[in-house]
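**Student:** Residue strings, one per chain:
10 protein chains.
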Amino acid sequence: MDMIATTMTREDVTAMIIQAKKQGGLTWEGIAESIGMSPVWTHSAAMGMNAMPSDKADALVSTLGLAPEASAILQESPTKIWEQTVPTDPCIYRFYEIVGVYGPTLKALIHEKFGDGIMSAIDFDMTVSRVENPKGDRVKVEMSGKYLAYNCW
Amino acid sequence: MDMIATTMTREDVTAMIIQAKKQGGLTWEGIAESIGMSPVWTHSAAMGMNAMPSDKADALVSTLGLAPEASAILQESPTKIWEQTVPTDPCIYRFYEIVGVYGPTLKALIHEKFGDGIMSAIDFDMTVSRVENPKGDRVKVEMSGKYLAYNCW
Amino acid sequence: MDMIATTMTREDVTAMIIQAKKQGGLTWEGIAESIGMSPVWTHSAAMGMNAMPSDKADALVSTLGLAPEASAILQESPTKIWEQTVPTDPCIYRFYEIVGVYGPTLKALIHEKFGDGIMSAIDFDMTVSRVENPKGDRVKVEMSGKYLAYNCW
Amino acid sequence: MDMIATTMTREDVTAMIIQAKKQGGLTWEGIAESIGMSPVWTHSAAMGMNAMPSDKADALVSTLGLAPEASAILQESPTKIWEQTVPTDPCIYRFYEIVGVYGPTLKALIHEKFGDGIMSAIDFDMTVSRVENPKGDRVKVEMSGKYLAYNCW
Amino acid sequence: MDMIATTMTREDVTAMIIQAKKQGGLTWEGIAESIGMSPVWTHSAAMGMNAMPSDKADALVSTLGLAPEASAILQESPTKIWEQTVPTDPCIYRFYEIVGVYGPTLKALIHEKFGDGIMSAIDFDMTVSRVENPKGDRVKVEMSGKYLAYNCW
Amino acid sequence: MDMIATTMTREDVTAMIIQAKKQGGLTWEGIAESIGMSPVWTHSAAMGMNAMPSDKADALVSTLGLAPEASAILQESPTKIWEQTVPTDPCIYRFYEIVGVYGPTLKALIHEKFGDGIMSAIDFDMTVSRVENPKGDRVKVEMSGKYLAYNCW
Amino acid sequence: MDMIATTMTREDVTAMIIQAKKQGGLTWEGIAESIGMSPVWTHSAAMGMNAMPSDKADALVSTLGLAPEASAILQESPTKIWEQTVPTDPCIYRFYEIVGVYGPTLKALIHEKFGDGIMSAIDFDMTVSRVENPKGDRVKVEMSGKYLAYNCW
Amino acid sequence: MDMIATTMTREDVTAMIIQAKKQGGLTWEGIAESIGMSPVWTHSAAMGMNAMPSDKADALVSTLGLAPEASAILQESPTKIWEQTVPTDPCIYRFYEIVGVYGPTLKALIHEKFGDGIMSAIDFDMTVSRVENPKGDRVKVEMSGKYLAYNCW
Amino acid sequence: MDMIATTMTREDVTAMIIQAKKQGGLTWEGIAESIGMSPVWTHSAAMGMNAMPSDKADALVSTLGLAPEASAILQESPTKIWEQTVPTDPCIYRFYEIVGVYGPTLKALIHEKFGDGIMSAIDFDMTVSRVENPKGDRVKVEMSGKYLAYNCW
Amino acid sequence: MDMIATTMTREDVTAMIIQAKKQGGLTWEGIAESIGMSPVWTHSAAMGMNAMPSDKADALVSTLGLAPEASAILQESPTKIWEQTVPTDPCIYRFYEIVGVYGPTLKALIHEKFGDGIMSAIDFDMTVSRVENPKGDRVKVEMSGKYLAYNCW
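Protein chains in written order, with this note's numbering: chain A, 13 to 165; chain B, 13 to 165; chain C, 13 to 165; chain D, 13 to 165; chain E, 13 to 165; chain F, 13 to 165; chain G, 13 to 165; chain H, 13 to 165; chain I, 13 to 165; chain J, 13 to 165.
Simulated from the structure, these hints should not be mistaken for laboratory data.
Simulated coverage check for chain D against chain E, where a stretch passes if three residues somewhere in it have a Cβ under 8 Å from a Cβ of chain E:
| no. | stretch |
| --- | --- |
| 1 | 48-55 |
| 2 | 63-77 |
| 3 | 117-128 |
| 4 | 134-146 |
| 5 | 154-162 |
No more than 20 Å apart at the CA atoms, straight line, and that leaves these computed lysine to aspartate or glutamate pairs for DMTMM-like:
| no. | chain 1 | residue 1 | chain 2 | residue 2 |
| --- | --- | --- | --- | --- |
| 6 | I | Lys-147 | J | Asp-135 |
| 7 | F | Lys-147 | E | Asp-137 |
| 8 | G | Lys-33 | H | Glu-124 |
Cβ coordinates follow ideal geometry from the N, Cα and C atoms, glycine included.
Input sequences plus hints: build the corresponding full structure.
**Tutor:** In structure tokens:
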């Protein structure tokens, strides 16, 4: 089965990106800038949680000096899998907790402002930034998703 | 056990608030404004997911014409419980999905911008707003939480 | 807490609809026709899994002779909850099984025909019909949902 | 244990098919057409979720230039396993959500149109197609399964 | 909500059947015989796990002297729910264990005798009997279900 | 750790049996006959879900031409493990469904015919056969287990 | 549904036994002795985890002065249900822990002493006693269950 | 990482013990006797569920002719892990069932004989023996654990 | 079943204590002091997670003016149940997180300081205190449990 | 993929630390002292549950004679994962049990002493020590975390 064993996988590409980032002393912000995209989306696509358009995949391969066949893999539609129903990492868990505590509130206010519907997680973008504050700097997360109304038929 | 049966519970207070809101034709935005707080926090405290300072609890009781003993209950430190590990309501699920898909990205960018630590979900605030867009209006969610660095000792 | 105890709930409205349907010897198809909507959507809204526009809610109340306050409840944005992660009823389980067996196929073909994205379950409609067949009649289920492309930003 | 290590598995065959599809720049629709079957069934059998009749297995091996012993493996009755009780991939999750939200409706309407029974997921077929729409193209999924009545004995 | 509170439910009918059986000193075998059906099916329908044809429902109501409105309820298509994913009662658990230990064997032998398909659990019947044996009497369970072949399309 | 790496495991023996069966074009029924046992038990022991007496293990090794050390492994008392609490394969799931739907019925009828106790899943045997039927052939499964009465002490 | 509401349940009988035990200042050991059975079995049957033969049920009713209809209920074959897959009470958890830590050891030694089989949990008895010990008294639990050999057929 | 790859693990030591036992035609009882410990404890420590004192570890290494570095590993404090919350192997499951059925009884009798507390699973020992019986030999399991009273402070 | 309905339960006693505490404007620290015990233990026993010695139960009844029969209930050995395997309340979750992150460290250091064993959670006490700190006051939790060595036998 | 295969991982570094500790006959207390940190934090960082500042990572590498590239890995922000929702190891389980039994008490007393908020698990430190006691030495665990008040906005 040699033919199969030598095929490059998404996990390989992710590992190569992380290694290139370390060796080049790069940041996600820098990598994102070099391909003209946002850091959130760039990191997410590098981790295999989003597919890249071909020009962005080529740009990433070129920027980081990856093997050329990595570009095709970065363009594939990934199957998004997370293993932990409740994430254990404290940094990620806090966001899970926010969904648990404020989920009904998000639903109520979307309903109040828009009607019966949801915020899309597909036609969606997000930024993370640092806000200086004398009592301790704050993490700011801004999410924006298209409002989708329930259909009646 | 009559003495116990007649005690007002948090669930009673939540139900009374929802009924008063309906009967008065109010909005969460309006209720929040009348007590000088944000809509997210006001809805959350009304649902029993946050405790109110005494002046805010009194203001809510007065605004909505609730029974006076409701104020003390609104000031209690609630035990925050959500029954569904994975929320089934589509509107809330989408936020769960965002945590699953973008959780590792949030962690990586917080690390890049701040160091090894987390965004607090306690020293935390959030807003929900509507952004007009010719391709369809968008839901904007802004979260802000204090950065907490891991301790070394 | 008398004030609260006498409030009508969604469960009450669902029960009243089912009772009126039985007593009137009605069908879902007939009820749907009388309010000018599809049977799938009508049953779903009657069960509390979709919100009704006000004219349709009024029409249903009038058709079935429900208490007038039921209309407001039918218009509320419901919190959609299903208790069983894996449904045990054999009729519903078969659809769960189809998602398990053919889920990756649905994903692959949506990808092939549209690109990286999903079928919306919100901007969505569905019909159920009976197709005569000499080897045994068949159930036909047709789903239609708007294609949503993943955002790149 | 060399004898065992060199045995071809279903996972190997699936990997070989995907590799041949990539290298040949093929589509599932094209592969299906070349063996005279539907794209849904063809993809599903290629993924190891359905068994192929011998002529179709031979045709696939020939079309894609696979190793000859792959044909026998494609004809085996596969054990259908999905790891995730609740699928995390957003594209597949939406179908799970549809089963959760509309499962009781599907049951009620099958009952109304046929009597007490189910739609078979075995004597079953499905198509996926793209429907143009000025408000955004739509995914259309058509399922057809034999009605099976419960036995009384 | 008086109208609703007095509605008879399936749980009520099941409870009435059990009470009538106790008071009359009856057996499931005897009840089944009096309505001309098998004991397995009769018990299952009495527990709300199968729907009765109208003549059998009327016969049961008449035999046991139930309230007349029970007949309509016995004819409804029940939603089959079992709460325990793994049954704890030792008598039921042993059957779960048999499925765990011999499930792959049942699959392999059905495949060998019929081809790629399943035994239907809908077009299905079952008997339970006692077989005398000098080493200790034995429980005999006989299941019969229609073979369903997977569809290719 | 070479010494360990070359030890034959149960998984190896199962794989060798399946390979020998394929290469010899054998059936489970034929293999069972050649060692003088039933097909259900033979398949189950081959899969590592039952231990073989030494003469049967030797007979199987001889019939299939397995490596001689496989006999000792076939005689070991296996630890019976199934990974899926709810089996996903449709053929096996149908039996799980039967336990869910008819479990309480099996319990009630065993109680009625024997008293308070269970059917043993250890002192147990089972057959699978094909029954011709003009409406479609049927799978017949016959289980027989010793009745065990609960002890009182 | 008055007829149903006044039916005595197993939970009622258990509650009546506990109340009678408290009011009479009795012990389980004393109650067991008065009906001529062991304390383990007596407590278990009183909790609804075992069925009583009629003479023992009558004796318990007489000893504790229960309502006469309790005897029939104590003789019913109970459905044994425990809610917690992993028990949280520390006293019960320790036994669960023993099964986790020593389960494979129990299996290995039963195999060594008897052959391939199990210890019955049905033809089973158990005692609990106190053993004085200068370093702190010890709980002694003795279990005895019939050995059951796996069947070969 | 060669240095790491050649390190002996607990799993290696367990595998070596099992291999030595097979090759020597030994029993757990015999091995236990040769190191002057009980069979339950000896098997448990060999499986990595208990740590051995150094003299016993040396004795085991010497008795079975294991590699000398195995002794240090046998003396390590193991992390006790069992993968299955509910064990599937029938022999082990029966003990889980006993905890489910009789857990509340064990708690009640410990309370009656000692007061509010538990039986330790740490300061604990256990034996397994065979008791001849004309109706079928019985497995006898004797557990002894120190009583620990809850602290009040 | 009037006799049963009027029996006081642990839940009643807990509710009465909370009500008395509120009405009297008391603190857990004050209540604990008045019965001469620690706040942690007093709260825990009041919640039904520990049993009280008779003098402490009488003291609590007298201090809070509870109904006299509450004393006997406070002395019963409670069955300790927590519903949430993973606690959702953020204040309690943080302690769960500490066990997840530092559990292996606690084990390693107990092993290093004592040998192979555990810290008892039964012969155990705990205090909670407030420590002033210019960067923000700190919660201090001190746990003390008897070391228990694993038995070798 | 050779480039990837030779990359050092966190698991490798943890394994190297454990091996160096064994070979050097060191203790966690000794290692901690040599880098000027506490044993709890040092062990936790060595296990990959905390990130090290660069000077401490270099000190550890130097003290234990690790490969130089280990230092960079020890400084990375680790993703904290624990596999077992309920830990099975008895030593760790006891701490889980304490959270289950005393969690509501910890919450109530933090509320009483500070107000509505939590103890941080991030700005957190812990010590483990041995306290001599004539009745048996005790494990003392001291936790200290910054109090964080819920935000109102």
